[in-house]
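K.L.:
In case you want the letters, here they are:
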Amino acid sequence: MDPERHGDQVREERTTVVLSKEQARSRRTRSIAIALALGALVILFYAVTLVKGPAVLNRPL
Amino acid sequence: MSVVSKSGEAAYPIAGAAVAPRCEPSIATAGDYLALMKPRVMSLVVFTALVGMVIAPAHIHPVIGLAALVCISVGAGAAGALNMWYDADIDAVMTRTRSRPIPQGRIAPGEALAFGITLAGFAVAVMGLLVNWLAAALLAFTIAFYVLIYTMWLKRRTSQNIVIGGAAGAIPPMIGWVAATGGISLEPCLLFLIVFFWTPPHFWALSLTRVDDYSRAGLPMLPVVAGTEATKRQILLYCIALAAVAAAPWLLGYAGAVYGTTTLIAGALMIMLATRLRSERDGQRGRQAAQRLFGFSILYLFIVFAALLIEAGFSYHGP
Numbered sequence: 628m629d630p631e632r633h634g635d636q637v638r639e640e641r642t643t644v645v646l647s648k649e650q651a652r653s654r655r656t657r658s659i660a661i662a663l664a665l666g667a668l669v670i671l672f673y674a675v676t677l678v679k680g681p682a683v684l685n686r687p688l
Numbered sequence: 014m015s016v017v018s019k020s021g022e023a024a025y026p027i028a029g030a031a032v033a034p035r036c037e038p039s040i041a042t043a044g045d046y047l048a049l050m051k052p053r054v055m056s057l058v059v060f061t062a063l064v065g066m067v068i069a070p071a072h073i074h075p076v077i078g079l080a081a082l083v084c085i086s087v088g089a090g091a092a093g094a095l096n097m098w099y100d101a102d103i104d105a106v107m108t109r110t111r112s113r114p115i116p117q118g119r120i121a122p123g124e125a126l127a128f129g130i131t132l133a134g135f136a137v138a139v140m141g142l143l144v145n146w147l148a149a150a151l152l153a154f155t156i157a158f159y160v161l162i163y164t165m166w167l168k169r170r171t172s173q174n175i176v177i178g179g180a181a182g183a184i185p186p187m188i189g190w191v192a193a194t195g196g197i198s199l200e201p202c203l204l205f206l207i208v209f210f211w212t213p214p215h216f217w218a219l220s221l222t223r224v225d226d227y228s229r230a231g232l233p234m235l236p237v238v239a240g241t242e243a244t245k246r247q248i249l250l251y252c253i254a255l256a257a258v259a260a261a262p263w264l265l266g267y268a269g270a271v272y273g274t275t276t277l278i279a280g281a282l283m284i285m286l287a288t289r290l291r292s293e294r295d296g297q298r299g300r301q302a303a304q305r306l307f308g309f310s311i312l313y314l315f316i317v318f319a320a321l322l323i324e325a326g327f328s329y330h331g332p
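Protein sequence lines, in the order shown, are assigned to chains A and E.
Throughout, this note's numbering is defined as the position within the first sequence, counted from one, plus 627.
Throughout, this note's numbering is defined as the position within the second sequence, counted from one, plus 13.
If you are wondering where the hints come from, they were derived from the structure by calculation, not from laboratory data.
Among the clues, some could well be false.
Residues on chain A that point at chain E, a partial pick, calculated with CB under 7 Å [claimed, not checked]:
(1) Glu649
(2) Thr656
(3) Arg657
(4) Ile670
(5) Ala674
(6) Val675
Over the 10 Å line for every Cβ pair with chain E, so calculated as not near, a few chain A residues [as the list claims (entries may be wrong)]:
(7) Thr642
(8) Ile659
(9) Gly666
(10) Pro681
The C-beta atom is built at its ideal place from N, Cα and C for all residues, glycine as well.
Based on the sequences and whatever the hints tell you, model everything.
P.N.:
Written out as structure tokens, the structure reads:
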């Protein structure tokens, strides 16, 4: 392989997106919101499982 | 009548807002996604669904009830997000809606579409798995009706858009009832009719204060198409019908004296405000009268449903 081309390829692979402060802050709020939503769902599903007990799979129309 | 053409998501006339290029990382915050779900509409939907659930003559475990309310609110949010995705072009030219996340370029239309579809699927599936499948089917129907029938079909074509489309906002109390009982009877249908007849005077009062906005967006709202006088007459007629329908649960014996008294007084006030609106000429005073009716209509729905909730608190479960 041409060493010069190989170097270009490596440089290209190492190129990453650098987030601006606003983008990083927005991503952080989204990540926190997703974490909170998932946590709430875990608690809800756990509570429903306790309430329904073995009948959790019994789903009448 | 097709007033506004829909030519695809990329052709929005974004008003004074730069749309983020798709290759750029998103600048949307969690608050933008919350705004996409129309939280104020969600709160009214959840409240009416809660009342439907509480007055139902069957016990629902609080945890299951909470799960049902979460599904209803997420389903309503999904419908709101899909509505904003489809209506981004007209939202961009209306003063009231131009600061929404999509016209502002904070959320890409495709992201809103994916968000809405994901939430809708999640809400319906969880409602079916945790509560019951009839409630899930009603929830799916409500979301589909709001998005396909109201948003995509009626909204840009007929001045009766919010009359027919209002059915979507009237179903949540029925979903709450079905979540608790697993079936439908006359009482939830009466709750449906109350919200159904409440919707036109509520939205037409708002549209009277935003005629220029709707006109610029090309939306065939009643004041734009038929004029303000015809709209005021229709508002009055619907308020009279609303007062009669809202009294029905009491007249038929499904609700007690607290509800009966409350709904009669609130209905009389709605009719009084609608009469006053009709007697006012267009202009500043007419706009103020429309704003008063719009504001009171929100309070009206809350009062009427709260009266049912209070009676349920005294263990009233119908005849």
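K.L.:
Each hint should be assessed against the structure and marked as holding or not.
P.N.:
Hints, verified against the model:
Taking 7 Å as the C-beta cut-off, the interface hint given for Glu649 (chain A) holds, the closest approach to chain E being about 6 Å. The interface hint given for Thr656 (chain A) is met, as the beta carbon of that residue sits about 4 Å from the closest beta carbon of chain E, less than 7 Å. Nearest Cβ of chain E to the Cβ of Arg657 (chain A): about 5 Å, under the 7 Å cut. The hint holds. Among the interface hints, the one on Ile670 (chain A) is violated; its C-beta lies about 10 Å from the nearest C-beta in chain E, farther than the 7 Å criterion.
Taken as an interface hint, Ala674 (chain A) checks out: its beta carbon lies about 5 Å from the nearest beta carbon of chain E, inside 7 Å. Here the hint on Val675 (chain A) is kept, as its CB sits about 5 Å from the closest CB of chain E, short of 7 Å. For Thr642 (chain A), the shortest C-beta to C-beta distance to chain E comes to about 13 Å, beyond the 10 Å cut-off, and the non-interface label holds. A beta-carbon of chain E comes within 10 Å of the beta-carbon of Ile659 (chain A); the shortest separation is about 7 Å.
Interface exclusion of Gly666 (chain A) from chain E stands, the closest Cβ pair being 13 Å apart, more than 10 Å. Every C-beta of chain E lies more than 10 Å from that of Pro681 (chain A), the closest at about 15 Å, which supports listing it as non-interface.
In summary, the numbered hints that this structure violates are 4 and 8.
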